[in-house]
Each structure stands twice: as structure tokens, then as C-alpha cells.
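*Asks:* In numbering that gives the first Met the number 0, the protein residues as written are 0 to 119.
A hint or two may mislead.
Unchecked claim - Simulated pairs of lysine-lysine, DSBU-like, Cα-Cα distance not exceeding 30 Å: (1) 91 / 69; (2) 52 / 118; (3) 69 / 87; (4) 69 / 107.
As the list claims (entries may be wrong) - Distance ranges between label pairs, derived from CB positions: (5) 78 / 115: 18 to 24 Å; (6) 100 / 43: 30 to 36 Å; (7) 28 / 109: 19 to 25 Å; (8) 50 / 79: 18 to 24 Å; (9) 36 / 66: 29 to 35 Å; (10) 66 / 102: 33 to 39 Å; (11) 83 / 46: 32 to 38 Å; (12) 28 / 111: 31 to 37 Å; (13) 64 / 27: 35 to 41 Å; (14) 27 / 112: 30 to 36 Å.
Hints are computed from structural coordinates only; laboratory data are not their basis.
Every residue, glycine too, gets a C-beta built ideally from N, C-alpha and C.
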Amino acid sequence: MKTNIVFLFVVLFSLCSCISDEESARQVNSGFQGNWSGTFSGDANGSIAFTVKKDGNMDGEITLLPGNMKEPISGYVSFNGKFDMNTKSNYKFSGYLKDSESSGIWTKNNLTGNFSFQKQ
0 MKTNIVFLFV VLFSLCSCIS DEESARQVNS GFQGNWSGTF SGDANGSIAF TVKKDGNMDG
60 EITLLPGNMK EPISGYVSFN GKFDMNTKSN YKFSGYLKDS ESSGIWTKNN LTGNFSFQKQ
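Build out the structure end to end from the sequences listed, making use of the hints.
*Replies:* This is the structure in C-alpha cells:
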């Protein structure tokens, strides 16, 4: 009987100590942290500047041309460089950050184009 109870506690403790895939993908010290900037073009044009924090969170702003209208953008980059950033008006930038650069496609509803970022 005691053996069964001990075995049950060992199994329960083992299950409780498992780390989920989502938690393991979160970062404590992102290899991509720092200031980034770049441009985007296509159905809309402008520039983008953002900061990657040590936990992988991304915050910055896009500047739409012409007119220099600015809009906040935020997102997250995972440990492997995959990132997603969005604005409230639905501009979406997705892709992979590399050591010092990134390029890809942005969208906003039926609008689309290309972007290019460089680490400062």
C-alpha cells in the first residue's frame, strides 16, 4: 500500500514539473534584442523602427509615407527568430529575424508589400 502511494506521488510530481512547449519557447535573454529599423513598400510605403527587449517583446512604430503618419506596432520574437508584429489598424509584419537583418512580406487587409529590417 505504501509503495502505491509513493509511486502515485512520484508520478504526480513528475507530471507537474513538465514545461509546456509554449513556456520553453519563451525567452529570458533574446539573442535578437536591440534596436532595429527598416523600410516597407508595395501598396503602402514607409519606415519602421522597433526595439526587441530581452524577453522577446517588440515595440516600435511605423511611419507611413507620404504624410509621415505614425502608428505604434508591437509583437513578439521567439527564440528561433520567428516574429509577428501588428498595429491597431491591422498592418501585419511576419517572418524571421536573422543575426542582423530580416526581409519578408507585410499585409493589411487586401494590401501587401515587402519589408527589410536591419539591426542597428
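*Asks:* Please go over all the hints and tell whether each is borne out by the structure.
*Replies:* Hints versus structure:
1. 91 / 69: At roughly 15 Å apart (the allowed maximum being 30 Å), residue 69 and residue 91 satisfy the hint.
2. 52 / 118: 13 Å, holds
3. 69 / 87: 12 Å, holds
4. 69 / 107: Answer holds: residue 69 to residue 107 is near 15 Å, not above 30 Å.
5. 78 / 115: 18 to 24 Å: 23 Å, holds
6. 100 / 43: 30 to 36 Å: 21 Å, violated
7. 28 / 109: 19 to 25 Å: Hint violated: Cβ distance 39 Å, outside 19 to 25 Å.
8. 50 / 79: 18 to 24 Å: 19 Å, holds
9. 36 / 66: 29 to 35 Å: 19 Å, violated
10. 66 / 102: 33 to 39 Å: Because 25 Å falls outside the window, the suggested range is violated.
11. 83 / 46: 32 to 38 Å: Given range 32 to 38 Å: violated, Cβ gap about 19 Å.
12. 28 / 111: 31 to 37 Å: 34 Å, holds
13. 64 / 27: 35 to 41 Å: 37 Å, holds
14. 27 / 112: 30 to 36 Å: 34 Å, holds
Hints 6, 7, 9, 10 and 11 from the earlier list are contradicted by this structure; the remaining hints agree with it.
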